[in-house]
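Using the sequences provided together with the hints, build the complete structure.
As given, the protein sequences belong to chains L and G, one line each in that order.
Per my numbering, the very first residue in the first sequence carries number 55; after that it's consecutive.
Per my numbering, the very first residue in the second sequence carries number 55; after that it's consecutive.
In short, the hints are calculated from the structure, not lab data.
Backbone N, C-alpha and C fix where the C-beta goes; we use that ideal spot for every residue, glycine too.
Among these hints, one or two may not hold up.
[What the hints assert, rightly or not] Here are the computed distance ranges between Cβ atoms for each label pair: (1) N122(G) x N85(L): 11 to 21 Å; (2) T66(G) x P97(L): 36 to 46 Å; (3) Q184(L) x D138(G): 47 to 57 Å; (4) P97(L) x T62(G): 23 to 33 Å; (5) T66(G) x E80(L): 24 to 34 Å; (6) R208(L) x E159(G): 18 to 28 Å; (7) K87(L) x K70(G): 21 to 31 Å.
[To be verified] List time: in silico BS3-like cross-link candidates among lysine-lysine, alpha-carbon distance up to 25 Å: (8) K95(G) x K132(G); (9) K230(G) x K211(G); (10) K95(L) x K95(G); (11) K230(G) x K230(L); (12) K95(G) x K115(L); (13) K70(L) x K70(G); (14) K72(L) x K95(L).
[Said to hold, decoys possible] Per the computed footprint, the stretches of chain G lying under chain L, defined by three or more beta-carbons under 8 Å from a beta-carbon of chain L, are: (15) 81-87; (16) 136-146; (17) 228-234.
Protein chains: 2
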Amino acid sequence: MDHLYEKTIKTTEVYKGKIINLEIQEVELPNGKTGSREIVKHPGAVAVVPVTKEGNIVLVKQFRKALNKTIVEIPAGKLEIGEDPLQSAMRELEEETGYKTENLEFLLSFYTSPGFADELIYLYFTDDLQAGMTNMDDDEFLDVLEVSLEEAERMIKDQTIHDAKTAYAINYLRMKESLQS
Amino acid sequence: MDHLYEKTIKTTEVYKGKIINLEIQEVELPNGKTGSREIVKHPGAVAVVPVTKEGNIVLVKQFRKALNKTIVEIPAGKLEIGEDPLQSAMRELEEETGYKTENLEFLLSFYTSPGFADELIYLYFTDDLQAGMTNMDDDEFLDVLEVSLEEAERMIKDQTIHDAKTAYAINYLRMKESLQS
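If you want it as structure tokens, here you go:
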């Protein structure tokens, strides 16, 4: 048995939503005492680092009600039930940016907020883009922009880019470029 | 007015917790229709990339009930009310790893899950560590480990490291090293 393990004593479902569920788990802590954990259940998500043949990164500007402001991110979206992450990433890329690709490279997956949520993001890279048409969800509105790596780095510094997966993506591109040069 | 803006029509508080709150906002979408947004309110957090004088990165292994497993992360913790992020980062570093520092460099802040939560993490770097004593919260149990950058990169590949802020931190260190060499 893992000496850090917390056994669930009781689970209370607080909310079942459209995207997330919330539950409270009463747990037995490693020292035998009890504690409570607030847990957001999320279906998981995909994100894509799309690079044009000019070497620009394709970003989307989207209003995020959780932040009550517009932020800049790489194209991303939540997984539909039973959907393969790779297919989901191709779909989200095309819906949000209009670009199609048959050639997505899986980079890594990561948990975004393990302290309170189980959201896992699958991150993909492509520099093989074909232009197409955007096709957004009914409740989705966004602008597409294409910026150079240098511009993207400036946007991190001035916090126009303020999103973890997007900052990761830009670091990844910088590293890829420095390995190639 | 931002053409992507979503105006709040009505906010329903679903849950007020120890760490997070959950609210549902009915919004007016840019096309005039209404939609609903599920929003987790979080106090924000800090994380530290701590590097020993041997060049190893200090990591913590912690059971995360949201994932129902033990994962490896850089030292991190949520902000207390009214707490300065820098002070919070020094406190969390010492509580979790035993290492003290007076010398934290702010790297960047990022939103971890802008699709459904307002959590903002302030990320710091230090390679100026003094050994001390750990002092964890009552409901916090963790192991400390120190690994080389190469080992940390292997841990990302085999997903022993599976956390966004930690993967970001390791990429950051690799980039820093390649700039210095």
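Hint check:
Restraint check, N122(G) to N85(L): a C-beta distance of roughly 19 Å satisfies the suggested window 11 to 21 Å. Take T66(G) and P97(L): their Cβ atoms lie about 22 Å apart, and the range 36 to 46 Å is violated. Between Q184(L) and D138(G) the Cβ separation comes to about 49 Å, which falls inside the hinted range of 47 to 57 Å. Checked against the given bound of 23 to 33 Å, the beta carbons of P97(L) and T62(G), roughly 25 Å apart, stay inside it.
Separation of T66(G) from E80(L) is about 25 Å and conforms to the stated range, judged on CB atoms against 24 to 34 Å. Taken as a hint, the range 18 to 28 Å holds for the pair R208(L) and E159(G), whose Cβ atoms sit roughly 19 Å apart. Look at K87(L) against K70(G): about 23 Å separates their beta carbons, and that is inside 21 to 31 Å. For the hint pairing K95(G) with K132(G), the CA-to-CA distance comes to about 12 Å; that is within 25 Å, so the pair holds.
Our distance criterion of 25 Å between C-alpha atoms is met by K230(G) and K211(G), whose separation comes to about 20 Å. Straight-line distance between C-alpha atoms of K95(L) and K95(G) comes to about 15 Å, which keeps the hinted pair within the 25 Å bound. In summary, the hint linking K230(G) to K230(L) is supported, as the alpha carbons are separated by about 14 Å, within the 25 Å threshold. A threshold of 25 Å between alpha carbons decides the hint, and for K95(G) with K115(L) the separation of about 22 Å falls inside it, so the pair holds.
With a C-alpha separation of about 15 Å, the suggested pairing of K70(L) with K70(G) holds against the 25 Å cut-off. Restraint check for K72(L) and K95(L): the C-alpha separation of about 11 Å stays at or below 25 Å, so the hint holds. Using a Cβ-Cβ cut-off of 8 Å, 5 residues of the stretch 81-87 of chain G lie near chain L, which meets the minimum of three, so the contact claim holds. A count of 0 residues in the stretch 136-146 of chain G with a Cβ less than 8 Å from any Cβ of chain L is obtained; the coverage claim is therefore unmet, three being the minimum.
Requiring three or more residues with a Cβ within less than 8 Å of a Cβ of chain L, the coverage given for the stretch 228-234 of chain G holds, as 3 such residues are present.
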